[in-house]
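Protein chains: 2
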Amino acid sequence: MKNVNIAILGLGTVGGGTYEILSKLNKKLIETRTGINFTLTKVLERDMSKLEALGIDPSCAVTDPDLITNADDVDIVVESLGGIDFPADIMEKALLNGKSVVTPNKAAVAANFERLNKAAKASGAQFRFEASVGGGIPALTAIKEALAGNRFTEVMGIVNGTTNYILTKMGEEGWSYEEALKDAQKKGFAEADPTADVEGIDAANKLSILTSLCFDEYIPPEEITREGISGVTMSDIEEARSKGGKIKLIASAKKRGAILSYSVKPTFIPNDHPLAGVSNEFNAIYVTGNAVGELMFYGKGAGALPTGSAVVGDIIAIANSL
Amino acid sequence: MKNVNIAILGLGTVGGGTYEILSKLNKKLIETRTGINFTLTKVLERDMSKLEALGIDPSCAVTDPDLITNADDVDIVVESLGGIDFPADIMEKALLNGKSVVTPNKAAVAANFERLNKAAKASGAQFRFEASVGGGIPALTAIKEALAGNRFTEVMGIVNGTTNYILTKMGEEGWSYEEALKDAQKKGFAEADPTADVEGIDAANKLSILTSLCFDEYIPPEEITREGISGVTMSDIEEARSKGGKIKLIASAKKRGAILSYSVKPTFIPNDHPLAGVSNEFNAIYVTGNAVGELMFYGKGAGALPTGSAVVGDIIAIANSL
Chain A
1 MKNVNIAILG LGTVGGGTYE ILSKLNKKLI ETRTGINFTL TKVLERDMSK
51 LEALGIDPSC AVTDPDLITN ADDVDIVVES LGGIDFPADI MEKALLNGKS
101 VVTPNKAAVA ANFERLNKAA KASGAQFRFE ASVGGGIPAL TAIKEALAGN
151 RFTEVMGIVN GTTNYILTKM GEEGWSYEEA LKDAQKKGFA EADPTADVEG
201 IDAANKLSIL TSLCFDEYIP PEEITREGIS GVTMSDIEEA RSKGGKIKLI
251 ASAKKRGAIL SYSVKPTFIP NDHPLAGVSN EFNAIYVTGN AVGELMFYGK
301 GAGALPTGSA VVGDIIAIAN SL
Chain B
1 MKNVNIAILG LGTVGGGTYE ILSKLNKKLI ETRTGINFTL TKVLERDMSK
51 LEALGIDPSC AVTDPDLITN ADDVDIVVES LGGIDFPADI MEKALLNGKS
101 VVTPNKAAVA ANFERLNKAA KASGAQFRFE ASVGGGIPAL TAIKEALAGN
151 RFTEVMGIVN GTTNYILTKM GEEGWSYEEA LKDAQKKGFA EADPTADVEG
201 IDAANKLSIL TSLCFDEYIP PEEITREGIS GVTMSDIEEA RSKGGKIKLI
251 ASAKKRGAIL SYSVKPTFIP NDHPLAGVSN EFNAIYVTGN AVGELMFYGK
301 GAGALPTGSA VVGDIIAIAN SL
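In order, the protein sequences belong to chains A and B. Take the first sequence: its position 148, counting from 1, is numbered 148 in my numbering, and each next residue is one higher. Take the second sequence: its position 256, counting from 1, is numbered 256 in my numbering, and each next residue is one higher.
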């Protein structure tokens, strides 16, 4: 059986979920399907209790990222640290050293899209980031691969579960924005500081990535016009309902001729549009291609195992080609 | 630029749509994205007016399939003839001769799943059939590749556009089954003899393919318990509505422990289930994986360009690996 060596940077939600799927939950199934044995050789993690909780040999732990980016016994690096510049620098080093990189880190990918892809191209390593948009939903791979015969004209997404949960509860339960946000925080769908979600920053990062893939055009996330949901009132929601629709936080990009337009903003979606049925913390990506027509991908946009599923899919794709 | 030679068997709806996308509509875009030039070298087609309508050089036409399966100037064979045994025999020969095969032909794939995959394995050629289930929806590739880290527990699909159109019109317009069928035939969504669609034979073929991919277990389509929609009455539809749902023709397979159960039948779907919003001729495939949770893929299940999009995606995937 072929062996492929993995390093994981950061054993938080996604790093832990990835290890859980690959080395415990579905280890045998994945070995049978792929004929590949995956070995975790290195972990960048200071908190030894996280290794212990997952049953990872403590000797895998390192605190210096160079011991991973330069290691002979690492084929694929999973970056699940969070942050922007620090993880991007590590990913660039790994790629330049010929190690393929998988990451769910939308902020780091969106801010560094061109330099990371350039580093991958320079060494021939692969850079994959399916989990960075829509968590477990395999939309990015579909756009790049199975749909590669299409000229895309539009992409629209409900790509932030926190805001979709809040808007759903405002609409269905009649809660105020503040009540719904508090409930989302209680359930773990929103952070203590919810700014990146509710102001559309997270959605703009994801739209930057979608736009690069659909239109071969990179728009830095800070150039995307963005309006969050903190200004959405109950009367906006009532008005949408009276017009036969819902308000959703939509990240969208459209190409008409040579003109690409893009924004993140609360948007009226009529009830008969497939995106109107995407409720609570679920995400969906809706694309239109000139051959395939309208397509929608729907699923869980966050969580250890759903996001880990996308990371593992990328790992398997790389390992198959090694 | 790398050159890859294609042969198309049958210039009907899907064969014609594939040529249209690959060699006209998106030719330049595909060349830029892939760095590959695709050349149509052979066509199995007796009707020369079809070549003329598409602008294909008449010298490409052959009437003996051996001139394709044995040809030196064919890398990938697109089988879009229809039928079961005749196209399967050609595909098997092509695969055994090391030519990769792409087909949208669900009946031929479902009936010959094991022997065609065996032929591909024997020679190392690729056998891809994304277009055989859900037309342009890239669900099969996602199940086999991006979701390969999942143990699937259930797959449910609205995989036949004709019956979904009829059931939608019965529910939304109050038409009888006969009226809705007549309208579907007028609009080109149903054949003059609608048996394969309305009796669930087409859906059973697609379920056989989905079951093989999700559960690594091949069930011949004739072993799938199947009930069509010709017995669905207006009072069934009214009853579903009064219970807060709709009747949909659902192809489903479930695995509980070692037990796989499967059927095609009219099924009550509550309005808050994502499949309830799949209307008219649209298709959707809904899968549950033990890591990713619930996922749905939605789009056009038929038509020259949507189905051609899936065929072209498979062609590009094979060409990239040649």
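Bear in mind the hints are in silico, worked out from the structure with no lab data behind them. Be aware that one or more of the hints could be misleading.
Since the list gives no way to pick one copy over another, a pair counts as held whenever it fits inside one copy or between any two copies.
Derived DSS-like pairs (lysine-lysine); straight-line CA-CA distance at most 30 Å [said to hold, decoys possible]: (1) K187 to K28; (2) K144 to K27; (3) K182 to K169; (4) K118 to K255.
Structure-based check of each hint:
Taking CA atoms no more than 30 Å apart as the test, K187 paired with K28 passes in neither setting, with 33 Å inside one copy and 49 Å between copies. Taking the shortest Cα distances, K144 and K27 sit within 30 Å of each other both inside one copy (27 Å) and across copies (16 Å). Taking identical chains as interchangeable, the C-alpha atoms of K182 and K169 lie at most 30 Å apart only when both belong to the same chain, with a minimum of 11 Å there against 42 Å between chains. Proximity of K118 and K255 under a CA criterion of 30 Å is satisfied intra-copy only: 25 Å inside one chain copy versus 44 Å between copies.
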